[in-house]
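Engineer: Please build the complex by placing chain B on the supplied structure of chain A, with the hints as guidance.
Protein chains: 2
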Amino acid sequence: MFENAGTTNLEQLGEFGLIDHLTKSVELTQETTDKGIGDDAAVLDFSGKKTLVSTDLLLEGIHFDLRYVPLKHLGYKAVQVNLSDIYAMNGMASQITFSIGLSSKFPLDAVEELYAGALLACRKYGVDLVGGDTSASAQGLVISVTSIGYAKETDVTYRNGAQEGDLICVSGDLGGAYVGLQLLEREKRIFLENPNIQPDLEGKDYIVERQLKPEARKDIVQLLASLDVKPTAMIDVSDGLASEVLHICRESEKGCRLYEEKIPIDPMTYDTAREFGLDPTVCALSGGEDYELLFTARQSDYEKLKSQPDISIIGHITEVSAGRELISKSGNVHPIKAQGWNAFG
Amino acid sequence: MFENAGTTNLEQLGEFGLIDHLTKSVELTQETTDKGIGDDAAVLDFSGKKTLVSTDLLLEGIHFDLRYVPLKHLGYKAVQVNLSDIYAMNGMASQITFSIGLSSKFPLDAVEELYAGALLACRKYGVDLVGGDTSASAQGLVISVTSIGYAKETDVTYRNGAQEGDLICVSGDLGGAYVGLQLLEREKRIFLENPNIQPDLEGKDYIVERQLKPEARKDIVQLLASLDVKPTAMIDVSDGLASEVLHICRESEKGCRLYEEKIPIDPMTYDTAREFGLDPTVCALSGGEDYELLFTARQSDYEKLKSQPDISIIGHITEVSAGRELISKSGNVHPIKAQGWNAFG
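Protein chains in written order, with my numbering: chain A, 16 to 360; chain B, 16 to 360.
Next up, chain A with everything else stripped away, as it sits in the complex (with noise of 0.2 angstroms):
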């Protein structure tokens, strides 16, 4: 009781140190469980099909502003940012659990925006809200997402399976939702300073819907499963391209060359991130909340990849002893970093 605890720092440990230095006593023991934590979403085998589920938690003060951050878009986002594990491994979301703590000040049409957006999102991917908490908080808004789907099994892809040869491919365009975010930060900070300017977001609207209300990508798992293209790896970029595909080689033991003139980058984020001084290629690399999907595939897919306009082959995964680099528009070989979000720093 009133006991106290120890010093070590969890600035120093990272987000993933402390998963890591957390998770390194679990065990499992249950035969339902295929998966567990290490890859986007668990995988259970309740007979037949896998049943898929994952969770995230989002933090107002954290993961959103509720200065700029439209409630309605908020709620959408939760679920997107969260079905999207469940695409990213191949499988079909079909359920989610929605639970949200919040201020007895929160006035109740603000809490029913939340949650026609989180709606809005069900009933356009086809998935059911089944369940969730709602409790009253001391402190800011925070929600709870878990979501829940399935897929066979022979269609279930984790992180592991990259081969050396294999394609890199990411759907969509990448960097858009970090770009906005600086964008929707320039005209807080405006707003701040005088209420009476109104935001100039005018022209900007893709970034901007990029960042606020972001779409999973099911429209690419049903794409692969019609070329009947198998991803040998995949996962959601949540955190920036280079974060990812370290994971997958990581996971894989594998090496990878990217081809920083492949990576898809919208015309718009481009400029945008001109204008405020940023690389377009460090934004796709580091910026994360794309929501777009990462996989490789077989070089024999090529022909069924190549020529599809929602997705860029960006690369190819080697041996791990070839490291993991970029190279760049001038040639120039770089390693890979991961400069995404650090939760704690």
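Keep in mind the hints are simulated off the structure, nothing from the lab. Treat the hints with caution; some may be incorrect.
Because identical chains cannot be distinguished in the list, a pair is counted as satisfied if it fits within a single copy or across any two copies.
Claimed, not checked - Derived pair list, reagent style SDA-like, types lysine to any residue, alpha-carbon separation capped at 20 angstroms: (1) 167 / 62; (2) 277 / 289; (3) 64 / 168; (4) 120 / 155.
Structural biologist: Coordinates of chain B only, in the frame set by chain A:
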């Protein structure tokens, strides 16, 4: 953007009112969803067995006070509270996800303690921890647990199956967790006034443990199976006996008669309640957090149940027009009212 929302007050609505309000527009569209919001856990059909999913949010300053809750106990309790919902469906829990949001000021060994408690609960109950999210928190400690379990279709027990004449049964004893909380709150006040005074909880282990380290009643689910008793309705006692029996009556569209003299109260709970000037029966009816199982069973199961030391038969189900009543020890009839915890009160 920067929008302002309206004025309806969450305090007026209360937790159940808010849940009802928010969930009335939830539609279920998935073939795999048998039961969504409205019971202890969602029921999903993934061929063969039913998959059960339940989730809870625990927030510092609302659900726990770190000034007297040891972190290991907190982790243990966070899991138990959630497993209890799976058992309340007459199922077996098999997996959990465990998410935490915490300040970067939180020392590592404190997080380890929290996690150790969660893992202890998992080991003891034969449950795998299969996922979770770890995040910085700008405010207090946030814990979110989702538990997953399974049951044969014919075993799943909802809240709405109680029939007229059914026995009302409860496991273990009631009120201890609430009286234990009063004890801890008193010692906290004394400690805050004079930190040199050590807490005096001697001889009160049982009720302090009922509050800090509750045990979900997996054993009761197993016992009922071994007795070949299929409950007609079941719920776990998280908000107090009154609130839970009313849930069963409302969902089953029935009335009930409970007998005060039959309500199981441990002598230590009884005596300590008296010391605090509290009515022990009120502690049992409205205290909550006991995590016992309240269930109804057919009269034909009476012989099987009556001699079970861990099960008390405390009343019976009536037709709805007979009301929901408590017969006091002196023979007076009182309508049962839910005076459970209001999350926004």
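Engineer: Each hint needs a verdict: does it hold in this structure or not?
Structural biologist: Results of checking the hints against the structure:
1. 167 / 62: Both. Shortest intra-copy (11 angstroms) and inter-copy (12 angstroms) distances satisfy the 20 angstroms Cα cut-off.
2. 277 / 289: within (19 angstroms within a copy, 75 angstroms between copies)
3. 64 / 168: both (6 angstroms within a copy, 17 angstroms between copies)
4. 120 / 155: For residue 120 and residue 155, the Cα distance is within 20 angstroms both inside one copy (10 angstroms) and across copies (18 angstroms).
Hint violations for this structure: none, all hints satisfied.
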